[in-house]
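Undergrad: Starting from the given sequences, assemble the full structure and let the hints guide the process.
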Amino acid sequence: MTRKPEESLDCAAENRQGRRSGLQLNDLPIDVLGLIISRLPIGDAIRTGLISRQWKDLWRDHTMLTFSRATFPSCRMLNQKNFIRRVDSILQQHSGVGVERMEIKFLLRNAQWDIDRWVKFAVASKTKELILDLSDLTRFFMLPVMVFHPYLDREGFYEFPCQLLDANNGGSHLQCLQLTSMYLKPAADFTGFLNLKRLNLIGVNITDEGVKNLLCSPNVLEFLEISFCRMLTKIHAPHFLNRLKHLQVDCCPVLEKIEINCDLATLDFTGSSMTPLIFATTSSLTNDSSVICRLFECSNFMLLNIRKTDILDYAYLLEIAPFMEKLELHMWIDGPHKPYSEEDGDLKSLPLHHHNHLKQVQITGFFGQKDQVELALHILCSSTVLKNMVINPEIAIVPHDAYRPPKRGAHNFVDGRDAAMEFVCKADHRNVVEVV
1 MTRKPEESLD
11 CAAENRQGRR
21 SGLQLNDLPI
31 DVLGLIISRL
41 PIGDAIRTGL
51 ISRQWKDLWR
61 DHTMLTFSRA
71 TFPSCRMLNQ
81 KNFIRRVDSI
91 LQQHSGVGVE
101 RMEIKFLLRN
111 AQWDIDRWVK
121 FAVASKTKEL
131 ILDLSDLTRF
141 FMLPVMVFHP
151 YLDREGFYEF
161 PCQLLDANNG
171 GSHLQCLQLT
181 SMYLKPAADF
191 TGFLNLKRLN
201 LIGVNITDEG
211 VKNLLCSPNV
221 LEFLEISFCR
231 MLTKIHAPHF
241 LNRLKHLQVD
251 CCPVLEKIEI
261 NCDLATLDFT
271 GSSMTPLIFA
281 TTSSLTNDSS
291 VICRLFECSN
301 FMLLNIRKTD
311 ILDYAYLLEI
321 APFMEKLELH
331 MWIDGPHKPY
341 SEEDGDLKSL
351 PLHHHNHLKQ
361 VQITGFFGQK
371 DQVELALHIL
381 CSSTVLKNMV
391 INPEIAIVPH
401 DAYRPPKRGA
411 HNFVDGRDAA
421 MEFVCKADHR
431 NVVEVV
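In UniProt numbering, the protein residues as written are 1 to 436.
Hints may be right or wrong, so weigh each one.
Claimed, not checked - With a straight-line cut-off of 25 Å between C-alpha atoms, the simulated PhoX-like cross-links for lysine-lysine are:
1. K234 x K257
2. K326 x K387
3. K105 x K128
4. K245 x K128
Simulated from the structure, these hints should not be mistaken for laboratory data.
TA: Below, the structure written as structure tokens:
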């Protein structure tokens with residue numbers, strides 16, 4: 001039996017309409033649409049309101065608020081005034097609840113009230129992660145700026161309002177905080193950060209007393225980063241930080257001492273080899289944990305006259321981390337250096353404290369200086385279960401203000417390799433040392 005032509009056309013139209021209706025996003029439940037839009041960057045989420053009137057308000061519950069130049073691609077001349085106006089417009093239309101993460105990344109000066117307003121929004125919306133990056137520099141360029149412009153004008157720098165994060169003001173919901181290029185002046189009675197697990201201070205102007213006040217109040221910090229902070233001479237925590245497991249300190253030019261009572265799992269330190277690291281309790285560095293030290297030894301570091309210090313002092317890392325299984329030491333030595341020879345006198349030796357967990361060691365920037373040889377020998381002799389020690393004269397980490405590192409075949413490279421072969425490999429009776 002054949003269908004009439006008009007019946008066939010009607011069926012085809014119905015099928016096309018059915019297939020078309022199955023593709024309509026408007027047919028999805030509002031909560032599903034909201035979930036889809038919440039996965040978009042805030043700028044794209046707002047623009048979905050142009051597609052359908054039903055969608056125009058869905059972005060107002062967006063949980064991830066990121067504001068940077070990339071948020072406003074249509075604005076070619078995005079100056080500070082326009083940026084502030086656009087951010088304000090979005091936050092005024094937002095529902096103000098359920099924000100998981102809020103990020104401001106833009107060079108801002110003399111904008112204290114505006115940024116305070118945004119911080120108040122973050123606190124009121126119970127934001128869990130807040131990132132304020134008020135610099136136009138990437139991390140790569142922060143060190144050169146500190147070196148070549150040590151007295152850079154700080155006029156107009158934002159001062160972070162610690163009082164807004166006080167427990168009494170609702171700041172206790174914050175779990176992650178990253179601050180870049182601003183002043184931070186916590187008072188002695190600061191009680192914020194009750195639930196803060198991660199704190200990153202990058203290029204922040206904060207004093208020794210300020211850091212002490214931050215770490216003095218009750219906290220549950222698990223990760224702490226202090227990097228490119230030019231005012232700090234000492235990082236000191238007056239009380240036991242029982243939750244702190246990860247510490248990163250990177251290129252603080254006048255830092256003289258780190259003294260923290262904690263039980264670290266990971267230590268990542270970049271700085272001068274003269275900086276004492278003092279931990280009041282033995283660390284539980286174990287399993288996949290590691291200590292990474294990038295040591296810069298120089299006579300004119302960061303435009304500050306710093307005396308050379310015996311790298312052998314860092315042998316006590318084995319004592320403060322008795323359960324550590326992996327150790328990396330990346331060394332940089334600026335200025336004249338002479339490889340060790342027997343004419344330089346006997347090698348210094350320290351009392352051996354047998355380390356029963358260290359299995360892997362990597363040393364780079366090994367030029368064969370006396371204190372480098374002494375340190376390598378101490379680690380080799382102290383580590384009873386060591387499986388592999390890699391000694392590499394090649395530079396792995398280079399300060400941004402340093403001269404170009406020597407290439408393979410240069411005399412420094414050859415001297416380091418020869419010294420490692422002659423003195424370290426000779427003491428290796430377990431065949432664990434590898435010189436590359």
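Undergrad: Starting from the hint list further up, note which numbers the structure goes against and sort them upward.
TA: none
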